[in-house]
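Trainee: Now for the letters of each chain:
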Amino acid sequence: MTRNTMIDGWYPVSLASQLDAHGRRTALMGEPIAVRRGEDGNAKVTGGNGRDLPTCIRYGHVWSSLGDPQKPLFAIPEADQPGRRLVDVGVVRVRCSPLRAVENFLDIAHFPFVHTDILGAEPHTEVQNYKVEIREDEDEVWATQVKFYQPQAAKSAEGGITTEYMYRVPAPTCSILYKTCPPRPGEWDVITLFVQPLAEDLCDVWPWMALFDDETPMTDLIHFQQTIFVQDRSILENQIPGLLPLDPGMEIPTRADLTSVAYRRWLKRHGYTYGAQLVAQ
Amino acid sequence: MTILGEFEAASFLPWIERHAAKLGLVQAICVAGPDRIELDIAGPAELIDMMEMGCSLGPIDVWVEAIHRAPIECESG
Numbered sequence: 001m002t003r004n005t006m007i008d009g010w011y012p013v014s015l016a017s018q019l020d021a022h023g024r025r026t027a028l029m030g031e032p033i034a035v036r037r038g039e040d041g042n043a044k045v046t047g048g049n050g051r052d053l054p055t056c057i058r059y060g061h062v063w064s065s066l067g068d069p070q071k072p073l074f075a076i077p078e079a080d081q082p083g084r085r086l087v088d089v090g091v092v093r094v095r096c097s098p099l100r101a102v103e104n105f106l107d108i109a110h111f112p113f114v115h116t117d118i119l120g121a122e123p124h125t126e127v128q129n130y131k132v133e134i135r136e137d138e139d140e141v142w143a144t145q146v147k148f149y150q151p152q153a154a155k156s157a158e159g160g161i162t163t164e165y166m167y168r169v170p171a172p173t174c175s176i177l178y179k180t181c182p183p184r185p186g187e188w189d190v191i192t193l194f195v196q197p198l199a200e201d202l203c204d205v206w207p208w209m210a211l212f213d214d215e216t217p218m219t220d221l222i223h224f225q226q227t228i229f230v231q232d233r234s235i236l237e238n239q240i241p242g243l244l245p246l247d248p249g250m251e252i253p254t255r256a257d258l259t260s261v262a263y264r265r266w267l268k269r270h271g272y273t274y275g276a277q278l279v280a281q
Numbered sequence: 001m002t003i004l005g006e007f008e009a010a011s012f013l014p015w016i017e018r019h020a021a022k023l024g025l026v027q028a029i030c031v032a033g034p035d036r037i038e039l040d041i042a043g044p045a046e047l048i049d050m051m052e053m054g055c056s057l058g059p060i061d062v063w064v065e066a067i068h069r070a071p072i073e074c075e076s077g
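Protein chains in written order, with the numbering used here: chain A, 1 to 281; chain B, 1 to 77.
Hints are computed from structural coordinates only; laboratory data are not their basis. Treat each hint with caution, since some may be false.
To be verified - So, partial list: chain B residues that the calculated Cβ filter (under 8 angstroms) puts toward chain A:
| id | residue |
| --- | --- |
| 1 | 22 |
| 2 | 50 |
| 3 | 57 |
Unchecked claim - With a straight-line Cα cutoff of 20 angstroms, these simulated EDC-like cross-link-like pairs (lysine to aspartate or glutamate) come out:
| id | chain 1 | residue 1 | chain 2 | residue 2 |
| --- | --- | --- | --- | --- |
| 4 | A | 268 | B | 61 |
| 5 | B | 22 | A | 251 |
| 6 | A | 131 | B | 52 |
| 7 | A | 131 | B | 49 |
| 8 | A | 268 | B | 52 |
Yeah, the Cβ is synthetic: ideal placement off N, Cα and C, and Gly gets one too.
Modelling step: build the complete structure from the supplied sequences, incorporating the hints.
Mentor: What follows is the structure, given as structure tokens:
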């Protein structure tokens, strides 16, 4: 049997702000785990057989691993930048592959049709050419120079603007979106998607943001992002096949899917196949 | 279209033929080696783009490193 190469990765398992002594029972890749605040005040995560699992707290979340992580959790330098508001959006459970959740996050073409009049609107449906690469030094997927017209790109945006994006995939179930920051030209708002793989076809999605926005009430920021993800959920839960195909025999990608194809190539290269369909059926 | 990578598996050539047929493209495989495949394809540019995208991922047991495309000069008369 092939070893699951994703076993050594870091995954979000809880909001750090909700950590308590009573704890949270959840799962990671099919294994029941418990997350709680230990007697020393630190986060403590235990596996199904009671063994202690590696743990760290970063970006508003508790992270853990079923295996032996060979490197620290990926860096998001903007998280430490003064003046940003750090937003814990909460959790959305989605009955889909964790890889599907990330791939959907990378897909710009669906904005006008799924997030109508918020992140996109007809007739502005064209995805302009952009650049995608697998950066060898960082071992990450990057899409840059992505431009798209949006009626309301962020809670702080007044009216429609052409928004510029960068997408980054630093881990198989995590993606980071950098987008035009209306109140602070030259800076990027950071919106992340941290996905906890509960099973191959079930995940908890933990969005998190680092924004320059001193005006919008926190509840509105959270509500805006939750609205987006709830709209995505109905699409994600009805995709066929449920697992992410790494053989494009069934789904025929187009030019607009460059980022998705790069993501799938990167998954394939590393053998990150938990939640993937390997052979087209 | 020239595809470079690791194609030890015998699955790739029939996969290419099936994928081209799904897209309604006419293709002919000219060179088929363990690390290089060359094929001539005819059809609308957008569909050839889609062929390139599909081949860059390919079946699970091959690894495509790069794809290069060049127009073929049509013979006339």
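Trainee: Hints first: check each against the structure and report whether it holds.
Mentor: Hints, one by one, checked against the model:
1. 22: With Cβ-Cβ at 7 angstroms, under 8 angstroms, it holds.
2. 50: Since the shortest Cβ distance to chain A is 5 angstroms, the answer is holds.
3. 57: Holds - the Cβ of residue 57 of chain B comes within 8 angstroms of chain A, reaching about 5 angstroms at its closest.
4. A:268 / B:61: holds, 9 angstroms
5. B:22 / A:251: holds, 11 angstroms
6. A:131 / B:52: holds, 16 angstroms
7. A:131 / B:49: Since the Cα atoms of residue 131 of chain A and residue 49 of chain B sit roughly 15 angstroms apart, the hinted pair holds (cutoff 20 angstroms).
8. A:268 / B:52: holds, 17 angstroms
Taken one by one, the earlier hints all hold for this structure without exception.
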